[in-house]
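S.K.: Residues per chain are reported as follows:
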Amino acid sequence: MRRVSTSGRILRVVLVVLFGLFFLFPLYAMADFSTRNLLRGGRTLQAWKNLVQDDALYAAIVISLLLAVFTVVLMLVILVPTMIWVRLRAPWARGMVEFLCLLSLTIPALVIVVGLRNVYLWVTYFLGESALTLTFIYVVLVLPFAYRALDGAVSAIDLRTLSEAARSLGAGWATTILRVVVPNIWSGILSAAFISIAVVLGEYTIASLSGYQTLQVQIVAIGKRDGPTSVAASLATLLFGFVLLLVLSLVTRGRRRGTLEAAVPTPAPAAQPGG
Amino acid sequence: MSTAGKGLGRRLREGLPLLPFLAFIVIFLLIPTVTVIFGSVYADGAFSLARIAALFSETPLAALWKSVLLSGSTAILGAVLGAILAWLIVSSPRTSIFRRAVISLCSVLAQFGGVALAFAFLATIGLNGVLTLWVQQHFGLNLAGSGWLYGLGGLILVYTYFQIPLMVIVFVPALEGLREQWREAAVSLGASTWQYWRQVAFPLLTPAFLGATLLLFANAFAAYATAAALVSQGSPIVPLLIRSALTSEVVLGQAGFAYALALEMIVVVAAVMIAYSALVRRTARWLQ
Chain A
18 MRRVSTSGRI LRVVLVVLFG LFFLFPLYAM ADFSTRNLLR GGRTLQAWKN LVQDDALYAA
78 IVISLLLAVF TVVLMLVILV PTMIWVRLRA PWARGMVEFL CLLSLTIPAL VIVVGLRNVY
138 LWVTYFLGES ALTLTFIYVV LVLPFAYRAL DGAVSAIDLR TLSEAARSLG AGWATTILRV
198 VVPNIWSGIL SAAFISIAVV LGEYTIASLS GYQTLQVQIV AIGKRDGPTS VAASLATLLF
258 GFVLLLVLSL VTRGRRRGTL EAAVPTPAPA AQPGG
Chain B
102 MSTAGKGLGR RLREGLPLLP FLAFIVIFLL IPTVTVIFGS VYADGAFSLA RIAALFSETP
162 LAALWKSVLL SGSTAILGAV LGAILAWLIV SSPRTSIFRR AVISLCSVLA QFGGVALAFA
222 FLATIGLNGV LTLWVQQHFG LNLAGSGWLY GLGGLILVYT YFQIPLMVIV FVPALEGLRE
282 QWREAAVSLG ASTWQYWRQV AFPLLTPAFL GATLLLFANA FAAYATAAAL VSQGSPIVPL
342 LIRSALTSEV VLGQAGFAYA LALEMIVVVA AVMIAYSALV RRTARWLQ
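Residue numbers (the working numbering), protein chains in the order written: chain A, 18 to 292; chain B, 102 to 389.
Accuracy of the hints is not assured; some may be wrong.
Claimed, not checked - Beta-carbon label-pair distances, calculated as ranges:
(1) B:348 x A:267: 19 to 27 Å
(2) A:149 x B:237: 39 to 47 Å
(3) B:127 x A:39: 53 to 61 Å
(4) A:34 x B:143: 52 to 60 Å
(5) A:113 x B:295: 30 to 38 Å
(6) A:192 x B:286: 47 to 55 Å
(7) B:135 x A:149: 19 to 27 Å
(8) A:34 x B:135: 34 to 42 Å
Derived from the structure by calculation, the hints contain no laboratory data. We put the beta carbon where it would ideally sit given N, CA and C, even for glycine.
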């Protein structure tokens with residue numbers, strides 16, 4: 018593909034322009050539509066102000082942000098120790114853990130929500146009726162993305178040597194994980210967290226069919242009376258997700274190079290793990 | 102006997118820390134799935150195929166057909182156009198900001214768009230859409246006429262908008278797996294660019310391409326948010342039929358019909374994904 022003919026180059030430019038139009042025009046249209054003054058013509062920022070001024074919408078944004086935070090925390094608490102343990106002590110379970118993490122890719126969210134009623138009767142019995150109980154099911158939704166991000170980072174370090182070094186210096190498991198392993202897989206944790214936030218902020222299926230007022234549910238509800246506000250909120254979530262993932266791709270690149278340069282030490286002739 | 106007992110004890114000790122994770126998966130992923138499967142063959146405490154049989158009545162069959170049509174057409178459109186876009190992206194340098202921006206945009210649109218994409222197209226070619234108004238002013242045509250955006254045609258357009266980016270994400274690694282040496286080898290043996298693509302690259306990429314097409318099919322078949330936000334009345338496709346079965350509970354006079362519809366979705370998606378993983382395994386042989 019080094020020597021590209023003129024006609025090939027023209028074709029390429031034309032294609033890029035066409036794809037660019039197809040993908041960017043709807044986004045431009047959202048910006049235009051959401052700033053249009055439907056009553057008097059001209060421009061207005063009212064739809065964008067509504068993001069914080071409309072009480073229902075603002076409340077839904079807060080709920081969705083809280084859900085994102087809770088989901089990230091619970092996902093990390095469940096997944097990180099499990100993945101570390103599987104690599105160090107229970108390699109026989111690695112295939113199973115991976116399979117279970119990726120399983121929710123093949124079971125549509127719609128199916129989960131149909132079968133969820135019994136489980137959620139118990140959840141709301143113990144924890145009360147709150148949109149925040151969606152955290153549990155969102156953790157399942159983000160597992161495949163989070164697993165891949167974390168798996169990449171954990172594979173890049175010499176986990177066994179690091180943990181044996183920490184343990185032989187007297188660190189307990191909690192210290193080993195929090196102060197030795199976690200700082201070394203920071204890029205993976207960051208990726209998992211960012212992707213999870215994007216998933217949670219965009220989730221509509223489960224929230225709407227369970228009857229909770231999250232951001233996306235509220236966007237649809239408002240859309241029936243106030244188009245521009247819904248469009249503004251939609252564009253805001255898309256842009257937020259885009260910035261999140263772009264920053265991530267810039268940050269993790271630098272990070273990963275950093276980890277590699279910090280040179281994974283060559284494993285010492287394996288001493289048997291003690292205890 | 103004692104060694105076996107020891108092995109078992111060790112397994113248990115090793116497995117214990119995995120329990121929170123396993124319990125979580127069982128409660129929030131496996132139990133709902135099993136509930137769906139049992140719910141579709143058990144009615145009032147007895148085995149019954151009535152709910153499954155109801156799948157073969159007129160409304161659900163029509164919805165299934167339209168879902169297949171929607172998923173199939175957008176999978177093919179998305180796969181072909183997405184492969185072309187992936188090829189354009191791969192020829193730019195790996196670390197360029199252009200490429201990172203395009204890939205980030207693709208993953209946002211492909212995986213997290215949902216409701217927002219419905220509103221993107223409402224703002225573009227809806228009744229008061231930007232493009233609709235512009236075309237009306239300059240050409241006197243009504244793009245939004247007859248409300249096609251809310252029917253199958255509109256769904257195909259909006260789904261293509263997230264299928265192409267998904268194809269890009271899945272297909273870029275396959276294109277990157279094509280090694281420069283293979284092209285050099287072909288060229289040094291006297292092949293033209295066309296012959297290289299026709300006889301080397303295409304055959305190598307075919308399993309990855311077909312696999313990605315299947316993935317796109319499953320993705321469209323299971324998608325709910327975009328369609329739900331766009332189509333507020335009627336249930337032309339399976340996911341929306343599930344919505345009306347869930348919210349009314351008495352559709353077709355059958356409570357629990359949602360279970361059977363969800364089972365139908367599991368079966369279709371599982372079949373497609375099994376074929377997908379078979380194709381991916383074939384691709385993985387040379388993608389290392």
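S.K.: Taking the hints in turn, state whether each one holds.
M.R.: Structure-based check of each hint:
For the hinted restraint 19 to 27 Å between residue 348 of chain B and residue 267 of chain A, the CB-CB distance of approximately 43 Å leaves it violated. For the pair residue 149 of chain A and residue 237 of chain B, the supplied restraint of 39 to 47 Å holds, since their beta-carbon distance comes to about 46 Å. Taking 53 to 61 Å as the suggested C-beta distance range, the pair residue 127 of chain B and residue 39 of chain A does not conform, at roughly 43 Å. Distance hint check for residue 34 of chain A and residue 143 of chain B: the Cβ-Cβ separation is about 57 Å, which falls inside the suggested range of 52 to 60 Å.
The hinted range of 30 to 38 Å is not satisfied by residue 113 of chain A and residue 295 of chain B, whose Cβ atoms lie roughly 47 Å apart. A hinted range of 47 to 55 Å for the beta carbons of residue 192 of chain A and residue 286 of chain B is consistent with their spacing of about 54 Å. Taking 19 to 27 Å as the suggested C-beta distance range, the pair residue 135 of chain B and residue 149 of chain A conforms, at roughly 26 Å. For the hinted restraint 34 to 42 Å between residue 34 of chain A and residue 135 of chain B, the CB-CB distance of approximately 50 Å leaves it violated.
Checked against the numbered hints above, the structure breaks hints 1, 3, 5 and 8 and satisfies the rest.
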